[in-house]
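Colleague: Listed in order, the protein sequences are those of chains W and H.
Taking my numbering, the leading residue of the first sequence gets 10, the next gets one more, and so forth.
Taking my numbering, the leading residue of the second sequence gets 23, the next gets one more, and so forth.
No lab work stands behind these hints, which were simulated from the structure alone.
We treat Cβ as the ideally placed atom computed from N, Cα and C, and that holds for glycine.
Take these hints with a grain of salt, some might be off.
As the list claims (entries may be wrong) - So the derived list for chain W, only partly shown, Cβ under 10 Å to chain H, looks like this:
#: 1; residue: Asn134
#: 2; residue: Asp135
#: 3; residue: Val136
#: 4; residue: Gly139
#: 5; residue: Gly141
Said to hold, decoys possible - Here are the simulated distance ranges between beta carbons:
#: 6; chain 1: W; residue 1: Ile415; chain 2: H; residue 2: Asp164; range: 41 to 51 Å
#: 7; chain 1: H; residue 1: Ser165; chain 2: W; residue 2: Asp91; range: 32 to 42 Å
#: 8; chain 1: H; residue 1: Val154; chain 2: W; residue 2: Gln128; range: 26 to 36 Å
#: 9; chain 1: H; residue 1: Thr95; chain 2: W; residue 2: Arg146; range: 14 to 24 Å
#: 10; chain 1: W; residue 1: Leu255; chain 2: H; residue 2: Thr92; range: 48 to 58 Å
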Amino acid sequence: MRTSVVGTGVAVLTLGWAAQVAGQGLVFDARRVGMGGLALGRSSSLVRYNVAYRAVPANSDRRGEPKVTIPIPLGLIQFLHDHPNITKDPAFNPDSTGFNPILVVNTLLNLPIYYEVKQAPTPTNDVIFGIGRDSLRANLGAAAQIVPEDQFGIGGSSRPLDPGIGIRGVRLSVMGWLHDEVGFQLGDNLLGFLRDSQPASANTAYTVNGDGILEGGLAPSIAYAGRIAGDSTMGFYVGAAAHYYLGIAYARTSGVGGFRTGNPILGAPVRPTITAVTDYSKAGNALGHGVGGDVGVAWVSGPIELGVGVNDIGATLTWSDTRRDTLLYDTTSNALRTTPGPNHFTTKTKLPVSYIANVAYSVGLTTLGADVLNAGRGTTIHVGGEQRVGLFSLRGGVARDQRKRIEFGWGGGLRFAAIGFDVGFWTHTNSISNERGITMATSLSIY
Amino acid sequence: MRGMGRWIACLAVAAATGCGQGHVIFNVDALSFLRPSGDDNIPYDLPGGFTADSSVAQFFALPGGLGKSTINTVSITAAAAIVNATGGGNMVFDVFFSKKQAGLFTGTPYVSAASGPVSGVDSVPLLPPTTVSPGDTVFNSDSVWVGIRAHLTSNPPLLPHMTGRLRLTELSVHIVINDKIF
Chain W
10 MRTSVVGTGV AVLTLGWAAQ VAGQGLVFDA RRVGMGGLAL GRSSSLVRYN
60 VAYRAVPANS DRRGEPKVTI PIPLGLIQFL HDHPNITKDP AFNPDSTGFN
110 PILVVNTLLN LPIYYEVKQA PTPTNDVIFG IGRDSLRANL GAAAQIVPED
160 QFGIGGSSRP LDPGIGIRGV RLSVMGWLHD EVGFQLGDNL LGFLRDSQPA
210 SANTAYTVNG DGILEGGLAP SIAYAGRIAG DSTMGFYVGA AAHYYLGIAY
260 ARTSGVGGFR TGNPILGAPV RPTITAVTDY SKAGNALGHG VGGDVGVAWV
310 SGPIELGVGV NDIGATLTWS DTRRDTLLYD TTSNALRTTP GPNHFTTKTK
360 LPVSYIANVA YSVGLTTLGA DVLNAGRGTT IHVGGEQRVG LFSLRGGVAR
410 DQRKRIEFGW GGGLRFAAIG FDVGFWTHTN SISNERGITM ATSLSIY
Chain H
23 MRGMGRWIAC LAVAAATGCG QGHVIFNVDA LSFLRPSGDD NIPYDLPGGF
73 TADSSVAQFF ALPGGLGKST INTVSITAAA AIVNATGGGN MVFDVFFSKK
123 QAGLFTGTPY VSAASGPVSG VDSVPLLPPT TVSPGDTVFN SDSVWVGIRA
173 HLTSNPPLLP HMTGRLRLTE LSVHIVINDK IF
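Only chain W is shown next, with the shape it has when bound in the complex:
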């Protein structure tokens, strides 16, 4: 029981704080890090979220955009130095007295790719439990502030592959798509107990509400992107794509899990309370079907570039061969029981609409830019710029992550002909802490 409870707890906290990771994104380019996560030029995110950008020519000289970026993972060296044999490291072994869940969670949330210049400090206060037969109270002190009050989770939609052929702006492809979301919300009782140090009550459920969806499939697509006005220095570009979504499998679950106190609180057995309803259509069942589309526009006028792209508009899938199961913790037998429900019925799922809006301004050796991106679960904003001075580049930026926290980026680069070395710093709140850490990213660029 201990292991499962610990595992669940750590997983929940990991997911909770992973929302922040998603907020800033996993970036391998020190240039982007130095600009607070801002993507300038023809980065994959612009093309991914704005179909019109397929037709906008790259202008690598002006934007300082490299052809290839190779990350230098100094963080791995740091991590391997600190933990030379992770399989035998007690800090990562739940069966060891030296197991450190904070380190495990923080390692998951901050993958050790880049060098952590400043670790986000975790609360170091004492945590006190008052325990009696009919009383239970926890005082987490300053650590209570990291108990999430709002719904937390991770997810979004992605397109891991999109092979196709294009002729004169028209592109035929078969796109692989994936939609995943996991969300949690601490119940009021549990939140009050952990965060506000409220005493526990008898016969009361302390629960976490959770919901999640995972679906994926293929989508034969036809797209067009082209310039409809102007020329290569000043032009207006539009793009549109239509997708016929074929869903291979999906599962959607909603449930509540936790414990119910006895009466008296600790004088009677504590009963787990778990209920969940899951709708699913396994691979091999009838495919899900749906239609949706993307649209995008981009305007380039000399030093100014603007773009807006919206994806998966109206993408609702109909699954005709769905089954529903109900999961329930049976307090009589103390076992989880799955009760099969209706089968072969029809359900619908909806892909989240994602969008991006970006602006870039280049004059001389200066490039400034901003973007707003919503990949299906929360909006992130990046504002940044780059100043090139001879062989050197200076960069800076500000970002607002999905937690609506402001993060800062700064850095620089050195370029010799076609090779550049970049270093970037940015603050993050990805750790189990309400204070920021600072990461240093390094990468090589080939122009």
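Following the hints, complete the assembly by docking chain H onto the known chain W.
Modeller: What follows is chain H alone, placed relative to chain W:
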């Protein structure tokens, strides 16, 4: 009491995850677990001129992680009162903790207090000093046995018997563990 370990293990996820290098502290009102079964009262009835022990023992399930934790300190605070009805004599009040029931009442008690002479209808408080045990290994376990013992020596003659009860009024355990509860 057996359910407590599961409950606290769950709650301590947040504690262990949040406490960093701090300590996790458990303040356990052990008396509250003894009271419903009447184990907070130890009756006695001893003919004059004899020596005998009267005791109770109870099993406690501890938070699961404690078995793998490093105990920093354990403090035991206890208080009791002799409510004597007839006869006279002396009583020594002892509190024991042990990982196993066997041998619970052997060794040195964690807290101990002597009543001094008691006679007739009388009520005598017993206030042993709080004991502090650094790095106590008894609590490096998923469970612990608690034993309360009244060691009686009654005054002759044979009659009247020394009768009454030992009433436990406080038994609290303050456990400070280092941060690695899991």
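Colleague: For each hint, tell me whether it holds in the structure or not.
Modeller: How the hints compare with the structure:
1. Hint status for Asn134 (chain W) relative to chain H: holds, with the closest Cβ pair at about 5 Å, below 10 Å.
2. A cut of 10 Å between beta carbons decides the hint on Asp135 (chain W): the least distance to chain H is about 5 Å, and the hint holds.
3. A cut of 10 Å between beta carbons decides the hint on Val136 (chain W): the least distance to chain H is about 4 Å, and the hint holds.
4. Look at Gly139 (chain W): its Cβ gets to within about 5 Å of chain H, closer than 10 Å, so that hint holds up.
5. Using the Cβ-Cβ criterion of 10 Å, the hint placing Gly141 (chain W) at the interface with chain H is satisfied: the shortest such distance is roughly 4 Å.
6. The beta-carbon spacing between Ile415 (chain W) and Asp164 (chain H), approximately 46 Å, falls within the hinted interval of 41 to 51 Å.
7. Our hint of 32 to 42 Å for Ser165 (chain H) and Asp91 (chain W) holds, since their Cβ atoms are close to 36 Å apart.
8. Checked against the given bound of 26 to 36 Å, the beta carbons of Val154 (chain H) and Gln128 (chain W), roughly 34 Å apart, stay inside it.
9. Judged by the Cβ atoms, the range 14 to 24 Å given for Thr95 (chain H) and Arg146 (chain W) holds: they are separated by roughly 21 Å.
10. Between Leu255 (chain W) and Thr92 (chain H) the beta carbon distance is about 56 Å. The supplied range of 48 to 58 Å therefore holds.
Hint compliance for this structure: every hint is met.
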